[in-house]
Amino acid sequence: MNAILAIDTSTKEGRVSVLSENNIIFNEVFTSERSHNSQIFAPLEEALMSCNHAPSLIVVGTGPGSYTGIRIGIAAGLGLSMALEVPIIGIPSICAAESMDQNQTCHVIGDARRGSLYIAAVKGHQIISGPELFETDETLYKKFEIKKEKIFSFDENLSLPEIKKTNPSAQKLARIAAELSDKEINELRSVPPEPIYLRAPFITQPKKLGKNVPKLDS
81 MNAILAIDTS TKEGRVSVLS ENNIIFNEVF TSERSHNSQI FAPLEEALMS CNHAPSLIVV
141 GTGPGSYTGI RIGIAAGLGL SMALEVPIIG IPSICAAESM DQNQTCHVIG DARRGSLYIA
201 AVKGHQIISG PELFETDETL YKKFEIKKEK IFSFDENLSL PEIKKTNPSA QKLARIAAEL
261 SDKEINELRS VPPEPIYLRA PFITQPKKLG KNVPKLDS
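Quick note on numbering: the sequence shown equals residues 81 to 298 in the working numbering.
Derived from the structure by calculation, the hints contain no laboratory data.
Careful, some of the hints might be misleading.
Stated by the list, open to error - Using C-beta positions, here's what the derived DEER-type ranges look like:
#1 Arg269 with Glu242: 16 to 22 Å
#2 Phe110 with Asn132: 18 to 24 Å
#3 Asp181 with Ala155: 29 to 35 Å
#4 Ala134 with Val271: 44 to 50 Å
Just so it is clear, CB atoms sit at the ideal spot from N, CA and C, and this is done for glycine as well.
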């Protein structure tokens, strides 16, 4: 059985699907508020049972989104890839929105935290520009002339007008992977999946020791 196991944990709802012979034979959505660290194992086990623990390919969503959640999904996929000796590829989660046409260029807007937004243009299984950060929605709209019917977002808290709220889809991830050529799959396999970073890590310097801190004896 040729089966594709798809995992997406980029939002507070994790998703696991299995596509076999162009049919979805397993699909489950679970909520764990962006952690997914324990809830993912039960649906993964059921997914593997549905394809006799023999997927031919694993595909994981790489975001952007919950950094911790995405890392958990990727780690789970990599662990299964090594244990089952199955190839694994990563595809941006924003390329697999439920209501988005894969054959058209669409824009995805999301909350980038720290009071900023991101925007990216996607088509097929690739991000063709971005993600680019903006501090306000006004600067975002001034820079881009975007057809309003082609703007999507996974974030429920965004109040920008004319945006279609949608969700990432593990089913769609699997179908996108099934349509890739052998060359495209090999190219994706050559790069280990990792989360899509919106900005450099936020690192703070340790505070200097105060004057009252006793020194260690030499």
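Hint check:
The hint said 16 to 22 Å for the Cβ distance between Arg269 and Glu242, and at roughly 38 Å that hint is violated. Between Phe110 and Asn132 the CB atoms are about 22 Å apart, so this pair conforms to the stated range of 18 to 24 Å. Range check, Asp181 to Ala155: Cβ separation about 31 Å, and the 29 to 35 Å hint holds. Roughly 25 Å separates the CB atoms of Ala134 and Val271, a value that falls outside the hinted 44 to 50 Å.
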